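Quick mapping for you: the protein sequence lines, in order, are chains A and B. Using my numbering, the letters of the first sequence map in sequence onto residues 1 to 230. Using my numbering, the letters of the second sequence map in sequence onto residues 231 to 344.
Just so you know, these hints were derived from the structure itself, not from any lab. Note that this is a predicted model, so its numbers are computed, not measured. Built from N, CA and C at the ideal position, the CB exists for glycine as well. Incorrect hints may appear among the rest.
[What the hints assert, rightly or not] From the derived model, a few chain B residues whose C-beta atoms are all more than 10 Å from chain A: (1) Gly-268; (2) Arg-283; (3) Lys-300; (4) Pro-311; (5) Trp-316; (6) Pro-325; (7) Val-342.
[Unchecked claim] In the DMTMM-like style, the derived pairs of lysine to aspartate or glutamate whose C-alpha atoms are separated by at most 20 Å in a straight line are: (8) A:Lys-162 with B:Asp-309; (9) A:Lys-40 with A:Glu-155; (10) B:Lys-250 with A:Asp-119; (11) A:Lys-197 with B:Asp-309.
[Claimed, not checked] If you want the footprint, here are the derived chain A segments under chain B, 3+ residues with CB under 8 Å: (12) 99-108; (13) 117-125; (14) 128-139; (15) 164-178; (16) 197-206.
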Amino acid sequence: MCETCGCGEPSETHTIAVEQDILYENNTAAQKNRRLFGEKNILALNLVSSPGSGKTTILERTIGALKGEIPIHVIDGDQEGTLDADRIKKLGVGITQINTRSGCHLDAMMIATVLEKADLPDHSLLLIENVGNLVCPAMFDLGESSRVLIMSVTEGEDKPVKYPYMFRTSQLCLVNKTDLLPYLDYNMDLALENMMKVNPRIEYFLVSAKSMEGMDAWLEWLRQEISKLG
Amino acid sequence: MHELSVALAILEMADREVGKNPVRRVRELTLEVGVFSGIDVEALEFALTMTFRNTIFEEARVRIIPREGKGSCSQCGNDFPMAEIWTRCPVCNSPAQRIIRGEELRFLSLEVED
């Protein structure tokens, strides 16, 4: 007997096996992006952080230092507006703004769309500034070569244990705003201990994008990664 | 609130399956969600309720099978349960572990009436 309307029609229940990763579409697009980066020798970095950690300032300083060495393109993800993109545009590098509107993260399909339109040059650097959010972007592989997390000292020492997925999936952490340390009760040892607890493999540099202290180590890391490109 | 993106992905996958089969009613969707998948199960259930509104899935039951965490020690090779993402190997106390279970986020099946 049909349970829906009682019409007397025989009804059969059966199971359709799906057995698929829910992020399959994103992960497939990410693999495609990664392949393209490999073919074109593009170093693609996914920069993630909380809002206000200094991502855009780090980008500005990085671009200022490397602009003469390698072509750079920036993808800027924000819910709304072009404030960050306007700052980057002044530096004379390629920039694509993505407004995610109600979305809280960039996904691999959005990056693929940019790659189709922007036609990035071979042997170049792609800096992807993700939406400021330590939760959602952790789940979405963009096809990046490395995920770089920016954590500022004004955020407290407990961020790694509160948002372990982001720390777990990042290869490098820039601990930013170290110029403010004299004014804060920030326990750097505890912050680093928390970070290593969540991800013992993560590399880190202590930097101040404002005073440029420690930025050389980050730029050196970038140059090393660039030198590994074909 | 990435659970909404996940719910939309589930709807798309479910729609694709239902499109392939003559389906009169969808009774149940079964998902597998690991404790380290980065998904808040309650938020996902709420997002699915919203996403399924006015679709063939509106009345369907969503069954979420939880998966506990399990790690494999990179030092001594021991497999062990992980309560937290930073649980150390109980044999050699090494923090270096590979998560072998708990990161699942899978759409397993649909139960339908034709």
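Now the hints, each set against the structure:
1. Gly-268: violated (5 Å)
2. Arg-283: Since the minimum Cβ distance to chain A is about 17 Å, B:Arg-283 lies beyond 10 Å and the statement holds.
3. Lys-300: Holds, because the least Cβ-Cβ distance between B:Lys-300 and chain A comes to about 15 Å, which exceeds 10 Å.
4. Pro-311: The assertion about B:Pro-311 holds, with a minimum of 17 Å to chain A.
5. Trp-316: With a cut-off of 10 Å, B:Trp-316 comes too close to chain A, as the shortest Cβ separation is near 5 Å.
6. Pro-325: violated (5 Å)
7. Val-342: Violated: least Cβ distance 6 Å, not greater than 10 Å.
8. A:Lys-162 with B:Asp-309: violated (25 Å)
9. A:Lys-40 with A:Glu-155: Violated, because 37 Å separates the two Cα atoms, which is more than 20 Å.
10. B:Lys-250 with A:Asp-119: Given that 20 Å is the threshold and the Cα spacing comes to 37 Å, the pair is violated.
11. A:Lys-197 with B:Asp-309: holds (19 Å)
12. 99-108: Result for this restraint: holds, n = 5.
13. 117-125: violated (count 0)
14. 128-139: That given contact holds, which follows from 4 residues of the segment 128-139 of chain A lying within Cβ reach (below 8 Å) of chain B.
15. 164-178: holds (count 3)
16. 197-206: holds (count 4)
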